[in-house]
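This is what each chain is made of:
Protein chains: 4
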Amino acid sequence: MKLATLTSGGDCPGLNAVIRGIVRTASSQYGSTVVGYEDGWVGLIEDRRVDLYDDAFIDSILLRGGTILGTGRLHPDKFKAGLETIKRNLDDAGVDALIPIGGEGTLKGAKWLSDNGVPVVGVPKTIDNDVAATDYTFGFDTAVSVATDAIDRLHTTAESHNRILIVEVMGRHVGWIALHAGMAGGAHYTVIPEQPFDIAEMCKAMERRFQMGEKYGIIVVAEGAVPKEGTMDAGLGEEDEFGHKTFNGMGQIIGDEIKKRLGYDVRTTVLGHIQRGGTPTAYDRVLATRYGVNAARAAHEGNFDTCVALHGEHIELVPLADAVAHLKQVPEGRYRTARTMFG
Amino acid sequence: MKLATLTSGGDCPGLNAVIRGIVRTASSQYGSTVVGYEDGWVGLIEDRRVDLYDDAFIDSILLRGGTILGTGRLHPDKFKAGLETIKRNLDDAGVDALIPIGGEGTLKGAKWLSDNGVPVVGVPKTIDNDVAATDYTFGFDTAVSVATDAIDRLHTTAESHNRILIVEVMGRHVGWIALHAGMAGGAHYTVIPEQPFDIAEMCKAMERRFQMGEKYGIIVVAEGAVPKEGTMDAGLGEEDEFGHKTFNGMGQIIGDEIKKRLGYDVRTTVLGHIQRGGTPTAYDRVLATRYGVNAARAAHEGNFDTCVALHGEHIELVPLADAVAHLKQVPEGRYRTARTMFG
Amino acid sequence: MKLATLTSGGDCPGLNAVIRGIVRTASSQYGSTVVGYEDGWVGLIEDRRVDLYDDAFIDSILLRGGTILGTGRLHPDKFKAGLETIKRNLDDAGVDALIPIGGEGTLKGAKWLSDNGVPVVGVPKTIDNDVAATDYTFGFDTAVSVATDAIDRLHTTAESHNRILIVEVMGRHVGWIALHAGMAGGAHYTVIPEQPFDIAEMCKAMERRFQMGEKYGIIVVAEGAVPKEGTMDAGLGEEDEFGHKTFNGMGQIIGDEIKKRLGYDVRTTVLGHIQRGGTPTAYDRVLATRYGVNAARAAHEGNFDTCVALHGEHIELVPLADAVAHLKQVPEGRYRTARTMFG
Amino acid sequence: MKLATLTSGGDCPGLNAVIRGIVRTASSQYGSTVVGYEDGWVGLIEDRRVDLYDDAFIDSILLRGGTILGTGRLHPDKFKAGLETIKRNLDDAGVDALIPIGGEGTLKGAKWLSDNGVPVVGVPKTIDNDVAATDYTFGFDTAVSVATDAIDRLHTTAESHNRILIVEVMGRHVGWIALHAGMAGGAHYTVIPEQPFDIAEMCKAMERRFQMGEKYGIIVVAEGAVPKEGTMDAGLGEEDEFGHKTFNGMGQIIGDEIKKRLGYDVRTTVLGHIQRGGTPTAYDRVLATRYGVNAARAAHEGNFDTCVALHGEHIELVPLADAVAHLKQVPEGRYRTARTMFG
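Chains as they are written, first to last, in the UniProt record's numbering: chain Z, 1 to 343; chain A, 1 to 343; chain X, 1 to 343; chain R, 1 to 343.
Among the hints, a few may not be true.
Intra- or inter-copy, both count: the list cannot distinguish identical chains.
Cross-link-like lysine-lysine pairs, in silico, BS3-like; alpha carbons within 25 Å at most [claimed, not checked]:
1) 259 - 245
2) 78 - 228
3) 78 - 215
4) 87 - 108
5) 87 - 328
6) 87 - 259
Worth flagging that the hints you see were computed from the coordinates, not collected in a lab.
Treat the numbers as computed from the prediction; the structure is a model and nothing was measured.
Start from the sequences, fold in the hints, and give me the full structure.
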């Protein structure tokens, strides 16, 4: 049997661990071979592929961030227009099953390919943890760890009194990274896209800390955080494809507003892409490896039109349709639990 | 309402995060107070208790390894003989519910107290991840991370050819830490207590690597690993309370045997207690905090005779009896998956 | 003998290690006692002091960022006006020698006190490494490590082609952190305050990378970087007390300009205060401890009007006057060496 | 001009950073080329060499532990017998200058080659920091950091009272790693090869801690530590080439003896090779890069028979003869300073 894999969409620590898991399993358990397409769907359409051998190189990629296959973005229209090319390329290369590793958009594309006759097993990938069908996605734990490490460091800076420290973390549509990093880091306030924030309440929380003799307050801001309608002027913002309004530099915007309202010193850290890079955590490497092993198994067992998913302790197969059904947002109850620890 | 908590048994990163979660929830959500008993059951019997306030100190313990309450061990007979003292001490202190944080032994004690009329909500704690009722326990991810970091470092030492590097990790009865660290670290062989090992097969795996041109091999050894009956002389060993035979210094024993059989240079790292200490990972802090929040809620809602547990994404309450039903071992299937990645 | 110490100015990992070094040495070697003044000079004038015992607490602060004594800033005029109060407070407390730990401003104050009859031994503290009298200052290695770790992570993000990643690091007047982090992290371009940058040259360096098939470029920007006169519009900026022009958000300014000129995707990370916080590196803890030990010794041996300094492997005493003589900038030769590794 | 380089002796984080520094400098500053010989002197004699290009691969090795060239050991007699072969190989390859990177033994070999007409610039490499001619060697800071991180973790394990935790670190002949890690980690006792230890005094120090109410004690043991003549039975040991007696498993030996004398629980961590591996610290990467840049410069400027060395802030050239003059041991004064912090 011959498998093909590709990585698509934004970076995510653990991508290489999935690839390694697929290649090792195909080779050692089934005597199969694996090819990788470069730069996501683009490489599949342009037939740019490399053989992935079960060798020392593949072994060494476990620790590496990024993806050895590269990623790319392709407009859905171009992707769909390429169906025949894709099928021909897979045929010509003798590929029996395709294992695309990607986020919601990629999995939607995978579903469409599957509906059009391509044998597909998907692997969910999103640093934001917003895929509904799985408990957790790899890369998320690494991003949370990086953000938590930053918050940890801020706790010990106490240069002056009444200082507010803001950490802007990833999360344009969902607040999982902010929620977990804020809880792990012991932030004093956390705002997420799912729950429009009230700047006045946030200011009050900071004031209360200072009145109780605390020197500083730490606020975690998901980049997609939005103010409650009419509570503050955050500029015009932009509407994204989901109709969700986002603002660039939300950490800075909030910081400026707090400074204006309270007059305190405010310092902002913008973590940016360092959350997407670097060696994955042990957790992410185990999860990604298990995804790879199980995706290769599913392909060999003919379980197509599926997606691997973590349910509790187990890796299971779910219908590919389920994986793209909806964006997994932070439920109100989880935010309420997080709020318990604010202050 | 007044809650009491205590920590019992071996160290485990995240204990302080649980305590903080209990205190903050009790205070901010219910206006309740919390006392902590020192050194586990011992302090409860000796009535050594401290008030735990929702203040800057409690806030600061989130990152700290160890436990601010201390832990201790008490023989079950002494514990049972102390029932009346325990009840009187709790009564005198006005405690409405007890939240013991501990491993299998502690939870068994908690169950017995519960059966004898003490309102109890348990919090499972085991660095070994061997509590059946919950997907994962806090501290486990930290231990796996420490072990994985050690394995990562070994991969780049290439001083000489044909060297075998052994890492002995924790796990006297179950192999979860070895299994996960071995997979996360890309070890070439991993042995766990659940699956008696065949030293000849292990040697063969190392030989195969060298024949393929690899310079080195890394073997992860759970401290409780045992050889297959009759395959090698590992000394007398000792039988533990479960009738399970263990050997002290299994990493060294295996290393010596490999050296004897193959003649290669073997170097051993014994991680020991560094796996139990230090700042918990972000994952463990989130899990421990959620355990604390939910245990405090359960106590306030009168859900006694229960234990908090992680099921998928959710923290749920399980009957305390379930939490101590049996030791969660590594199932054969999971070890098989791990083996896929050996070599 | 009775020593007093205080910490002044911005945060710096290692401050607590110095304090611990002073207290342990005074106690174990000389049987002396130590008091600490809170919030820098402010606490000295307001006579807010705490006894520092050689106990488990002092032992535990070694790993902690921040300072247990707090820091503060005081206007030089107020400081000078407080001379008599300071002397009386020290007298009343029975203090025989004062060990202020601080940056250039603090050491200037210390020199002035020394000239006015207060027995002083200074400890240089600057995260920026800009004190001329010593090879290195503690805190610097930690800041460089944090920045390097961020750069490391960016190397593996390869989401799309032709992306430029900017990391803004500390360094308003000197570029040591940028220089070292850029070299340690393998940045492709680094700009420092000492060498006004040419945006056109920077753009050309990025273009050259992409032409050679590289996917991305990483630029390290010291916050105090300035463009060469007339080469780009960076806004008005502000002049600081040294007559040096600085611009807020230099990382963003450079990023916007590059985007405008080249049209590529640019992402910016602003590390901010996370460089000043957290557990100090082993290097900084050793340096800070040795400073503390040697400052306490100097005080007991009556070597006043001095400052501890690192020269090669040795901690030596230099005249306090030398420590504040001038700001230690990055010499041209060191920047030239760094440039060798650009590209 | 054409340079050659090779790495010899034990592993050391930073080797690749030196190689990268040499290649980049040769290429970007002088338009020269570089070849690398594999496996140290062995590859030079067997003429196994690879071209090292100034490309993305060389750029990427900065973060990697180990050495891309491999290392090896060769008996001095064989080395000397190979002189003519070496000279012919270098000649045939058109090599103008050789830059060997290695420890004392390697530099002695380099000196001998130099005396026999080979143009040589040496780069000192020893994880143990025992080269006399330089303040610090790369790899040392990484080893100290790994050991310190382990000690940090042990501080927070407090499972039971009166426990003694032993960490065995590298250092067969000199105690620099133990000295620095013990000071950075806040160990309560540290033993080094240079100062034979008195087990009775060590036990007394632990007893004193427990009497003062401390729960645990941490002892750092350099692997080459030796007991004072007649104070305890440590087995026979072996004499090394310097006539220095060493014992295998000194951490365990000391632990057993303490347990025998005091009866307390003793746990031992043996770090082993994890101290030699993994990503170098920022400090080591800067030092190693500067060594590489300056060695390449020295070669181009014809400054042969030299060795690069760190003196204070500067990289300087010292006569190769000086670099191998003697082993740099921990001076008594430094150990005395360390002792100040014991207890």
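Results of checking the hints against the structure:
1. Proximity of residue 259 to residue 245 under the C-alpha cut-off of 25 Å is found in both arrangements, the shortest distances being 24 Å within a copy and 24 Å between copies.
2. Taking CA atoms no more than 25 Å apart as the test, residue 78 paired with residue 228 passes in neither setting, with 38 Å inside one copy and 45 Å between copies.
3. In the homo-oligomer, the alpha carbons of residue 78 and residue 215 lie at most 25 Å apart only across protomers (23 Å), although the nearest pairing inside one protomer, at 55 Å, exceeds that limit.
4. Taking CA atoms no more than 25 Å apart as the test, residue 87 paired with residue 108 passes inside one copy only; the shortest distance there is 17 Å, against 60 Å between copies.
5. With identical chains, the CA atoms of residue 87 and residue 328 are never at most 25 Å apart, being 31 Å at best within one copy and 46 Å at best between copies.
6. Neither within a single protomer nor between protomers do residue 87 and residue 259 lie at most 25 Å apart by alpha-carbon distance, with minima of 57 Å and 38 Å respectively.
Taken one by one, the earlier hints fail for this structure at numbers 2, 5, 6, listed in ascending order.
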